[in-house]
Amino acid sequence: MTRAKADFLRGLWNENPVFRLLIGLCPALGVTSTAINGIGMGLATSFVLLCSSTLISVIKNIIPAKVRIPSYIIIIATFVTIADLSMNAFAPELHRALGVFVPLIVVNCLVLGRSEAYASKMPVGLAAIDALGMGLGFTWALGALGGVRELLGTGELFHVQVMPAFFEPWGIMAAPPGAFLSLGFLVAIMNIISARMNKKTA
Amino acid sequence: MEFFLIFLGAVLVNNFVLVQFLGLCPLMGVSKQVETSVGMGMAVTFVMTVAAAVSWLIEHYILVPFEIEFLQTVAFILVIASMVQLVEMFLNKMSPSLYRSLGIFLPLITTNCAIMGMALLMVQEQYTFIQSVIFGIGAGVGFTIALVLLAGLREELDYADVPVPLKGAGIAFIIAGLLSVAFTGFGGLV
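Line by line, the protein sequences are chains A and B. At position 202 of the first sequence the residue is numbered 205 (my numbering), and the sequence of numbers has no breaks. At position 13 of the second sequence the residue is numbered 15 (my numbering), and the sequence of numbers has no breaks.
Note that these hints are calculated values from the structure, not bench results. Fair warning: there could be bad hints in the mix.
Claimed, not checked - No more than 27 Å apart at the CA atoms, straight line, and that leaves these computed lysine-lysine pairs for BS3-like:
1. B:95 - A:69
2. A:8 - A:202
3. A:203 - B:34
4. A:69 - A:8
5. A:203 - A:63
6. B:95 - B:34
7. B:34 - B:169
8. A:202 - B:95
9. A:8 - A:63
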């Protein structure tokens, strides 16, 4: 497997930010009451991650090592402001649903973590691929979490009724505790699947 | 009375961690021992209180008069980052053992969304200066309570027989979920 492909796939499964590294958890739990919100949040974060990782990788030799963290934060904050204002203009409904979590992308440990751990050391191409993989991994995790909570909490998926009529929605899944419980069980399911896969390859 | 309601609201009813999902990364990272979690909670509470005061001043005396509110995100994150730096230097001098046990999580307070979230919510709610400071203290205390509760439960968990796939993060989330159920009980209080 080539380096680029490995970098891309890593974020999707083995080092999935939400299920494996347990970073970027606040938006993962805070906005995933529906699948759409989860995916919207995931894409907004991916945009910021991709732009800031690429830019940081380009100018990594100019930034003095001592002030690198503040510099990264300013770069990230700039892209977050762009994302925040654009969403407010083009997708006001989603922007309202995500609320305070859009400006909070700036303190998402996923973005700063990738900048410090990867983009600051790697060439531009690999940094962008890594950011894209991590961003998509984050997006599918949020989509899955939102999907599970929407399905069990309201009986709908993407605002379409999918559960049979006799299904009684579990109110708790749409409420805050449901977010913690769903994530706990999804992490466990991920562990079971990974254990099975390792057994097969071994 | 009004101040008391803001405080109580931030500590229990809208607990930052268990109801609003802010500050979860340190929650999972530092909640393995009660002692470190108390130290972490105190550091966060301190940073939060100071950050509430300073970001209120910046919002109302710089951003609003000059009509540059779009720089809010950038301005707040800078304030918080410098506050964290101060606390770090202070702890390093005053309590080196606590400084070491907090380790990597101390600089990470900068990216603790609870603090940034508190600053943004404080502007959204249009609190006055005093109200903002009370809100900051309340949010910090609420964070500490959630952190210490979870750490206490996780210490007991070391001796429990947890199914293998749930070990570690999985069971911690489920416990946090149960704590969150308990905190929804405070819903009608304020």
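Right, here's what the structure says about each hint:
no.	hint	in the structure
1	B:95 - A:69	21 Å, holds
2	A:8 - A:202	23 Å, holds
3	A:203 - B:34	33 Å, violated
4	A:69 - A:8	32 Å, violated
5	A:203 - A:63	41 Å, violated
6	B:95 - B:34	25 Å, holds
7	B:34 - B:169	13 Å, holds
8	A:202 - B:95	50 Å, violated
9	A:8 - A:63	23 Å, holds
Going down the numbered hints, you'll see the structure goes against 3, 4, 5, 8, while the others check out.
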